[in-house]
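Student: Residue numbering for the sequence shown follows our numbering, beginning at 72 and increasing consecutively.
Derived by calculation from the structure, the hints in this document are not laboratory data.
Here the structure is a predicted model, which means the values were calculated and not measured.
No residue lacks a Cβ here, since even glycine has one placed at the ideal position from N, Cα and C.
Honestly, I wouldn't trust all of these hints.
As the list claims (entries may be wrong) - DSSO-like mimics (lysine-lysine), calculated; alpha carbons at most 27 Å apart, straight line: (1) K355 / K421; (2) K117 / K163; (3) K277 / K101; (4) K119 / K282; (5) K186 / K252; (6) K163 / K186; (7) K196 / K119; (8) K280 / K96; (9) K244 / K355; (10) K196 / K140; (11) K130 / K163; (12) K244 / K280; (13) K272 / K117; (14) K300 / K244; (15) K130 / K119; (16) K204 / K277; (17) K96 / K204; (18) K204 / K186; (19) K397 / K96; (20) K119 / K163; (21) K355 / K282; (22) K252 / K277; (23) K355 / K376; (24) K119 / K96; (25) K277 / K96; (26) K252 / K200; (27) K244 / K277; (28) K200 / K117.
What the hints assert, rightly or not - Label pairs and their in silico Cβ distance ranges: (29) S411 / A294: 49 to 59 Å; (30) T125 / Q429: 49 to 59 Å; (31) A321 / I390: 17 to 27 Å; (32) N417 / I390: 37 to 47 Å; (33) S147 / M225: 55 to 65 Å; (34) T125 / E344: 45 to 55 Å.
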Amino acid sequence: MLIFLDTNIFCTDFQMTSTSFELLKNFITKGGNWLCVPEIIIDEVKNKYREQITELYQKANSGIRELNKHISTDVSLISEEQITTEIENYNKLWDIWPFEYGNGLPETYPNISHKEVVQRALERKKPFKSDGKDGYRDYLIWVTFLDVVSHYSMEDACFVTLNTRDFSDVENKDSLHQHLKNDLMDKGIDLSRVHYYTSLKAFIEKEVKPKLRVIEEHEELIATFVADKSGFMEPLEEALVQEILGLELAAYDIVIMEEGENHSVNQVEEVSEIEIEDISEISKNEYLFSIHAQALCDISFNVFKSDSYSMDDFRQIFIVDSEWNKHYSLAETLMELEISFEVIFNLEKKQITSINIQNVDDAYADCPLCPY
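Input sequences plus hints: build the corresponding full structure.
Tutor: Below, the structure is given as structure tokens:
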């Protein structure tokens, strides 16, 4: 799920430490959801923070000066340097947030012409106000939302704002204005994908809490299976080993594939880091598991005899039979494979009834120090 918070949501809790924000962060971390953080909202929030903290600083020092007139021991004023440091620290917070809870780099300002913006204002379409004068930044925010939802066409999206005057329907503040619904339809976006909330609390109650409860139930269930070493984890490892023994690797994107032909798993030395990523109930007695694991494997393959003579030692490829046939030598190498797979476990029979390899990858494909 794509989550889009308007500027005003952040401005009610600049440090993002309220219970609602903590639940949101937990939801993003656990649920495979992400927060869309556009540059325009970051810029607005930073500016609002600077304005508000500067105003509070000035009021606080004014109050301290007034207080000092009436007491015997002066209270120290807040220094300008302290406020400057706070503003700098807050700006740094926003350097981290898009990467920690978003999708990486902030969404850039939308590529829209001045003519389009002016035309929208002249037509008095939301989020511009009825006089067409105010709404420029709100419109840029809305266009950013449209672009992101259009790009991530398989994701549901939630738009959360306190600005019901400019985004909500006149008759029903909990519904998007028809002008904005028309924008979605013009982009080919199914309205059922877009969910509109007029407060962070409403979004948390409707979307976050119910899904977190399901996630927590799944986590507890997963923990139960992980703790059952002899009844589940050990049979799971054995089933995985049997499934990948002899597995042909031609269909997978593995670096060693550049060397030789007919790569397959000859032996499994060790299985490690088994992680159950998801679980779902498919019947009263059956669960479907999505699992990730690493396996240290001997990979065997064929290389042309002429190529085998010139192989670099650092590649850790060993010729085990130089006369395998007329044209080829048989080679082996040791590789750590990342394996994604699914299994079906029958509770009544207490056994794995199905296993299916989803993907195999080189665990160290991106390592600059590895031999491949």
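Student: Could you run down the list of hints and mark each one as holding or not?
Tutor: Status of the hints after comparison with the structure:
For the hint linking K355 to K421, the alpha-carbon distance of about 13 Å falls within 27 Å, and the restraint holds. With a CA separation close to 10 Å, the supplied pair K117 and K163 stays within the 27 Å bound. Restraint check: the Cα-Cα separation between K277 and K101 comes to about 17 Å, which is no more than 27 Å; the hinted pair holds. Among the hinted pairs, K119 with K282 is inconsistent with the structure: their alpha-carbon atoms are about 32 Å apart, more than 27 Å.
Distance check on the hinted pair: K186 and K252 sit about 22 Å apart at the alpha-carbon level, within 27 Å; holds. Between the alpha carbons of K163 and K186 the distance comes to roughly 35 Å, so the proposed pair goes past 27 Å and is violated. Between K196 and K119 the CA atoms are separated by roughly 26 Å; this keeps the pair inside 27 Å, and the hint holds. With a CA separation close to 12 Å, the supplied pair K280 and K96 stays within the 27 Å bound.
Our distance criterion of 27 Å between C-alpha atoms is broken by K244 and K355, whose separation comes to about 42 Å. Taken as a hint, the K196 and K140 pair is broken in the structure, with Cα atoms around 54 Å apart against an allowance of 27 Å. For the hint pairing K130 with K163, the CA-to-CA distance comes to about 25 Å; that is within 27 Å, so the pair holds. With a C-alpha separation of about 22 Å, the suggested pair K244 and K280 falls inside the 27 Å cut-off, and the hint holds.
Annotation: proposed proximity of K272 to K117 holds, straight-line Cα distance about 22 Å (limit 27 Å). The straight-line distance between the Cα atoms of K300 and K244 is roughly 53 Å, outside the 27 Å bound, and the hint therefore fails. Restraint check for K130 and K119: the C-alpha separation of about 16 Å stays at or below 27 Å, so the hint holds. A C-alpha spacing of about 35 Å is found between K204 and K277, which places the hinted pair above 27 Å, so the restraint is violated.
A distance of roughly 36 Å separates the Cα atoms of K96 and K204; the hinted pair therefore is violated under the 27 Å criterion. Of the supplied pair hints, the one linking K204 and K186 holds, its CA atoms being roughly 15 Å apart against a limit of 27 Å. At roughly 61 Å between alpha-carbon atoms, K397 and K96 are farther apart than 27 Å, so this suggested pair is violated. Under the criterion of a C-alpha separation no larger than 27 Å, the hint pairing K119 with K163 is consistent with the structure, at around 15 Å.
Taking the CA atoms of K355 and K282, the gap is about 21 Å. The hint holds against a cut of 27 Å. With a C-alpha separation of about 21 Å, the suggested pair K252 and K277 falls inside the 27 Å cut-off, and the hint holds. Restraint check for K355 and K376: the C-alpha separation of about 56 Å exceeds 27 Å, so the hint is violated. Between the alpha carbons of K119 and K96 the distance comes to roughly 22 Å, so the proposed pair stays at or under 27 Å and holds.
Simply put, K277 and K96 have alpha-carbon atoms about 16 Å apart, close enough for the 27 Å limit, and the pair holds. Of the supplied pair hints, the one linking K252 and K200 holds, its CA atoms being roughly 17 Å apart against a limit of 27 Å. Taking the CA atoms of K244 and K277, the gap is about 16 Å. The hint holds against a cut of 27 Å. Restraint check for K200 and K117: the C-alpha separation of about 24 Å stays at or below 27 Å, so the hint holds.
Take S411 and A294: their Cβ atoms lie about 21 Å apart, and the range 49 to 59 Å is violated. Under the hint 49 to 59 Å, the C-beta atoms of T125 and Q429, about 54 Å apart, fit the expected range. For the pair A321 and I390, the supplied restraint of 17 to 27 Å holds, since their beta-carbon distance comes to about 21 Å. At roughly 45 Å, the beta carbons of N417 and I390 sit within the given window of 37 to 47 Å.
Here the CB-CB span from S147 to M225 is close to 57 Å, well matched to the stated 55 to 65 Å. At roughly 50 Å, the beta-carbon separation of T125 and E344 lies within the given 45 to 55 Å, and the hint holds.
Comparing the model with each earlier hint shows violations of hints 4, 6, 9, 10, 14, 16, 17, 19, 23, 29; every other hint is respected.
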